[in-house]
Each structure stands twice: as C-alpha cells, then as structure tokens.
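Peer 1: Dock chain B against chain A, hints included.
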Amino acid sequence: MMIKPYFHVLEGYSKKLCFLALFILLIPICEGCRDSKGRPVNVIGSTSIQPFAELLAEEFQKIKPAGSIDVQGGGSTAGIQAIVNGIADIGMCSRELKEEEKAIDTPVEIARDGLAVVVHKSNPVSDLTLAQIQMLFSGRIRNWKELGGNDMPVRLIMREEGSGTREAFINLVMKKTVVSRKALVQESNGAVKELVRLDPAAVGYMSLGMVGTELKSLYVDGVEPTAQQVSSGRYRLSRPFLFVLKTDTPLRPEAREFIDFVLSDQGQQILESEGLVRAK
Amino acid sequence: MKRDKIIHAALTIVALSAISSLALITVFVFKEGLPIILRVGVKNFFLSGDWYPSEGKFGILNMIVGSLVVTAGAIIIGAVFGLGCAIVLTQFAPRQLVVILKPAIEILAGIPSVVFGFIGVVVLVPLVRQYLGGPGLSILTASIVLGVMVLPTVTSISVDVIQAVPRSYRDGSIALGATRWQTTHMVIIKAAKSGIIAALILGMGRAIGETMAVIMVAGNALELPHSILDPVRTLTSNIALEMGYAAGDHRQALFATGVTLFVIIMILNTIALTISRRSAGKAAKK
Numbered sequence: 001m002m003i004k005p006y007f008h009v010l011e012g013y014s015k016k017l018c019f020l021a022l023f024i025l026l027i028p029i030c031e032g033c034r035d036s037k038g039r040p041v042n043v044i045g046s047t048s049i050q051p052f053a054e055l056l057a058e059e060f061q062k063i064k065p066a067g068s069i070d071v072q073g074g075g076s077t078a079g080i081q082a083i084v085n086g087i088a089d090i091g092m093c094s095r096e097l098k099e100e101e102k103a104i105d106t107p108v109e110i111a112r113d114g115l116a117v118v119v120h121k122s123n124p125v126s127d128l129t130l131a132q133i134q135m136l137f138s139g140r141i142r143n144w145k146e147l148g149g150n151d152m153p154v155r156l157i158m159r160e161e162g163s164g165t166r167e168a169f170i171n172l173v174m175k176k177t178v179v180s181r182k183a184l185v186q187e188s189n190g191a192v193k194e195l196v197r198l199d200p201a202a203v204g205y206m207s208l209g210m211v212g213t214e215l216k217s218l219y220v221d222g223v224e225p226t227a228q229q230v231s232s233g234r235y236r237l238s239r240p241f242l243f244v245l246k247t248d249t250p251l252r253p254e255a256r257e258f259i260d261f262v263l264s265d266q267g268q269q270i271l272e273s274e275g276l277v278r279a280k
Numbered sequence: 281m282k283r284d285k286i287i288h289a290a291l292t293i294v295a296l297s298a299i300s301s302l303a304l305i306t307v308f309v310f311k312e313g314l315p316i317i318l319r320v321g322v323k324n325f326f327l328s329g330d331w332y333p334s335e336g337k338f339g340i341l342n343m344i345v346g347s348l349v350v351t352a353g354a355i356i357i358g359a360v361f362g363l364g365c366a367i368v369l370t371q372f373a374p375r376q377l378v379v380i381l382k383p384a385i386e387i388l389a390g391i392p393s394v395v396f397g398f399i400g401v402v403v404l405v406p407l408v409r410q411y412l413g414g415p416g417l418s419i420l421t422a423s424i425v426l427g428v429m430v431l432p433t434v435t436s437i438s439v440d441v442i443q444a445v446p447r448s449y450r451d452g453s454i455a456l457g458a459t460r461w462q463t464t465h466m467v468i469i470k471a472a473k474s475g476i477i478a479a480l481i482l483g484m485g486r487a488i489g490e491t492m493a494v495i496m497v498a499g500n501a502l503e504l505p506h507s508i509l510d511p512v513r514t515l516t517s518n519i520a521l522e523m524g525y526a527a528g529d530h531r532q533a534l535f536a537t538g539v540t541l542f543v544i545i546m547i548l549n550t551i552a553l554t555i556s557r558r559s560a561g562k563a564a565k566k
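Chains A and B are the protein sequences, given in the same order. Counting in my numbering, the first sequence runs without a single skipped number right up to 280 at its last residue. Counting in my numbering, the second sequence runs without a single skipped number right up to 566 at its last residue.
Bound-form chain A, shown alone:
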C-alpha cells in the first residue's frame, strides 16, 4: 500500500528510530515475563492501618532484606477492591467485613484498635456517653454548652465515605442514625488530627494509636480510651485491624511470610508498642 515506497527512507536515517520503537514495544512484554518473585508484595487499603503496616514492613525487611513490601493507602473499601481485582496481595481493612465481602475474602485479624473521640486540648468536656456522642454527630446537640462545655457551636468532623474508620464509627456509635449534613468531611486521619488540633470547637474520631499528645480523647461511658481498656473489652469503641486475603487465590509465599511475621510475637510487640491491642 502507501507505506511500501517509503521503506528505503526508513533504512537510512531512521534506523535508530526503528530500534527505539521496537525497544519501547518490548518494554511491556518484558515487564510481563519478569519473574513474579521480583515483584514486591503489595499491601493496599485502610489509611488507619497504613502507618503500622509501613512500620512492620520496615522491620520485616531488616530480617529479610530480599523481601520487598509495598504499602499503599486508599481506604478500607479500596483495599478490598484491590484484593478482588488482584491488584494487591494483601488488603488492609479497619472495620468488620460485610456479609457480601466475606463470601470472597478471608480476614486475618492482626490487631485490635480503639476508636478515640477527640476534641481540642482546651475543651473542658471530658466524658460522654455513647448516646451523647450519637446526639452530637446527628446534629441534635449543637453547642458545647449543652454538654457542660464552653459556649461554642459544635464542629463535627467526619471521614469520607468508604473510610474504615467512618464505617466503624457508624456501626459502633451512629447505628441507624443519620450523620448531620453540617459535618465537615476530611479524607485522612492526619487531616482530622490537624483540624481538631487547631479548632477549639471541633470533635472528630480516629484510631486510638494515632491520637498522640496534641489532642484530648474523651472517656466514653466513664471508661478511659486506652489499649488496656480496649483489650479488657470495657472500652466499647473498638474495631479489628484486618489483613484481607482473597479466598480462592493461593497466597504468594512472600506475602505469607510477611503475614506470619506480623502475627509473630515480634510483630505483635511492635503493634502493641504503637498503642494497638494484640490480636486474640
């Protein structure tokens, strides 16, 4: 056709270009034929578990320098989808699995975490009942005065849809009650923390292990939010941290080794020292 007469042109100065084109074409093929052993173990999901998983991955690599672990955030539900789509080897999920998810995924509990309800350091309110927290977040309590605090409008901070922290909070506190539409929505624990740290009227919730010293976490029904109380079962706002695996796909040995490490005494000690509660 049209192309034929132009071949001799290609033979001349464009030969290099042809090689280049060929080379570019070959890259994806090579990518595909690369040994799966070289691929890092992909761990994707909850931003609540992410920092702990990163820490664990670091420690794991100290013991097994050959094994490479790649930890990414994205949210609990994104983690489960990544498992279903085969993008990730291990999904991270910071809430119980839903029924339809249980059908295709196997959860491995790596730790338990408390959900802390956090306010600004200067907020005099320090102990709320579960019902009061529910009324706060549904918008029925609008001023801190009603809870014995200062005369300030309540500023609610929620997490985004799909966040495991949000869903755990809704399951544990809100149940069927609808969250106020006035609530601000932030898409990471860090963003919630930053807001509550600076705003005297804010109230939010986050992983107990992430509260740190700059925020005040509230007692719930008179129980102090600590790892001990979560583990004793007295602090009621607790949720599992799960590694999620696809049920019908065999796990790669490298991923298996990582999970074994996380569940080992050493791995559990790391999580405990970071403020989480050992998996039972």
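FYI, nobody ran anything at the bench for these hints, they're computed from the structure. In this text, all values refer to a predicted model and were calculated from it rather than measured experimentally. The beta-carbon is built from N, C-alpha and C at its ideal position, and this holds for glycine as well. One or more hints might be untrue.
Using C-beta positions, here's what the derived DEER-type ranges look like [unchecked claim]:
#1 Gln410(B) with Glu58(A): 49 to 55 angstroms
#2 Ile87(A) with Gly364(B): 45 to 51 angstroms
#3 Thr249(A) with Arg319(B): 31 to 37 angstroms
#4 Ser273(A) with Gly321(B): 52 to 58 angstroms
Below, a list of computed lysine to aspartate or glutamate pairs in the EDC-like style, where the Cα atoms sit at most 16 angstroms apart [as the list claims (entries may be wrong)]:
#5 Lys98(A) with Glu109(A)
#6 Lys182(A) with Asp510(B)
#7 Lys102(A) with Asp248(A)
#8 Lys182(A) with Glu386(B)
#9 Lys121(A) with Glu214(A)
#10 Lys176(A) with Glu335(B)
#11 Lys216(A) with Glu99(A)
#12 Lys246(A) with Glu99(A)
#13 Lys382(B) with Asp440(B)
#14 Lys311(B) with Asp510(B)
#15 Lys182(A) with Asp330(B)
#16 Lys62(A) with Glu257(A)
#17 Lys175(A) with Glu335(B)
#18 Lys121(A) with Asp221(A)
#19 Lys64(A) with Glu254(A)
Peer 2: For chain B alone, kept in the frame of chain A given last:
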C-alpha cells in the same frame, strides 16, 4: 518530498489520536453517567440536595451550588488581582519590574495544587477561623486559594490581549490630553474587554475543575451553605472523595457528577471561544 509526506501523515495521526482521546473520554463518561441520571430522574438528581449513596439517594444540587459559589468567589479574586496585575505590567510598571514580575506570576502556574491546598490549610484556615469565625474550612478560604491559582491564567491572557490593543489608540488618547489612567480604563480596557472576559472564563474553567486544593480547604460538608464562612462540597471533590470505594449505582452517580461538571465546563469554554472569536472579528473589521 517523500519524507515530508511521512511526517505529514505521522503528525496527522498524532493530532487525531489526541482528539480521539477526548472523544473516548466523552463517550465513556456519558455512557457511565447518563443511565443513573435517567433512572434517578433528572429532577431528583439535579434539584435535590440529599446525597446519601448508601440509601440510593443521589441529589447533587448542593454540590452544584458549591462548585458555582466557590468558582465565582475565585474569579472575583482572580479578576481583581489578575486584571490589576495585567494593567500594572502593561501600562505602569517600569521595564525592570516587569522583568521580575512576569516570570514570578508564571512560576505560580507551575506550583502543584497540593501545595496551594496545604498552605491554605496551615495558614489561611486558622486565620479565617480566628478572625472571621466558622470552621475556617469554607467557601471564602477555597475561593482565596483558587483565586491565587487562577491568577497566572487570568494575568497572562489579559497581558496578551491588552498588548494586542493597537498602539495608535493609546497615542491618540494621550494626544487628546487624557491622563495615563484615563487612557487605561477608558480606552485600553474597553478595547480589550472581550479578551479579558475570555481570560476570566478560562480562569473559571480552571477553578471549577480544581480538586485537590479544594478538598483540603473547602470542608466538604453536604449541607447547603448559608454564608461564605460555611463549608461546601464541590462536584470535583465529591468525585475524588468517594471514587476510591464507590461501586454500582454510587459509582455511576459519581460519573454522572462528572457529566455535570463536563457540561458546565463545556458551556464555559464555548462562551469563552465565542467571545474571543467575536472580538477577533471586530478587530479585523477595524
């Protein structure tokens, strides 16, 4: 000659593939988004503020309002500062200042939006909260951040159109005894008006499509805002916030949000194009 033809053909293919990607995106977004709009009902989708995806309620009115309000705020700020900047750069600033100012404004365009968002959260939000009240994450904050982000677009296009005003206009006005400022606002800005409007509309397109910075500073609450100190959720942040996890109807509703955004931006661009074309036509006649 033959080489010319090859290059000609190759370039045509490249150009076509760029356009075809636009066509593909359009088809895909509409294919994913339109069915849910029809299923939910046009009225329920566009004129309701109830966005509860888990209950199958997909009303995006509050987000449309959010997007429009934030964009309007941004463009007011962008217009005042961008146009001011352009006037100073073209009419009043000494050469040495122009040499520094113009590249500085252009560098602004290269700063990633996360950086703008971050600065907004760390600096602007506490200031607004402390001195003006409200949560700090608000329409005002988002407008300011976006306003700064559209500055380069507005300024550089305005500079171009002002410079395109024939020199004889200015000379004539000065010769008639008008001062420089009178010349600027009575002659030059008038002559460049349609170009400036096009610049503002292009800036609007950028503001309405911005996502990252807005998520960080707008608060993303679903409630319809009552003051500029209230938080809002925009169309873009709704998509970005929930895309990660959405499935089924919810995912389609997010695509439908995208369709809405797409149409709004298309309208804005068309207006900008028509205006700038009309002005080009006028200039040709003169």
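Peer 1: It remains to establish, for every hint, whether it holds in the given structure.
Peer 2: For each hint, the structure was consulted:
1. Gln410(B) with Glu58(A): 49 to 55 angstroms: Since Gln410(B) and Glu58(A) have Cβ atoms about 39 angstroms apart, the given range 49 to 55 angstroms is violated.
2. Ile87(A) with Gly364(B): 45 to 51 angstroms: holds (49 angstroms)
3. Thr249(A) with Arg319(B): 31 to 37 angstroms: holds (34 angstroms)
4. Ser273(A) with Gly321(B): 52 to 58 angstroms: Roughly 55 angstroms apart at Cβ, these two residues keep to the hinted range, so it holds.
5. Lys98(A) with Glu109(A): holds (15 angstroms)
6. Lys182(A) with Asp510(B): Within the cut-off at roughly 9 angstroms; holds.
7. Lys102(A) with Asp248(A): holds (12 angstroms)
8. Lys182(A) with Glu386(B): Cα-Cα ~38 angstroms, so violated.
9. Lys121(A) with Glu214(A): holds (7 angstroms)
10. Lys176(A) with Glu335(B): holds (11 angstroms)
11. Lys216(A) with Glu99(A): violated (35 angstroms)
12. Lys246(A) with Glu99(A): holds (15 angstroms)
13. Lys382(B) with Asp440(B): This hinted pair holds, its Cα atoms lying about 12 angstroms apart.
14. Lys311(B) with Asp510(B): Violated - the C-alpha atoms of Asp510(B) and Lys311(B) are around 35 angstroms apart, more than 16 angstroms.
15. Lys182(A) with Asp330(B): Judged against 16 angstroms, a Cα distance of about 13 angstroms means the pair holds.
16. Lys62(A) with Glu257(A): Holds, because 13 angstroms separates the two Cα atoms, which is no more than 16 angstroms.
17. Lys175(A) with Glu335(B): holds (14 angstroms)
18. Lys121(A) with Asp221(A): Measuring from Cα to Cα gives roughly 20 angstroms; hence the hint is violated.
19. Lys64(A) with Glu254(A): holds (10 angstroms)
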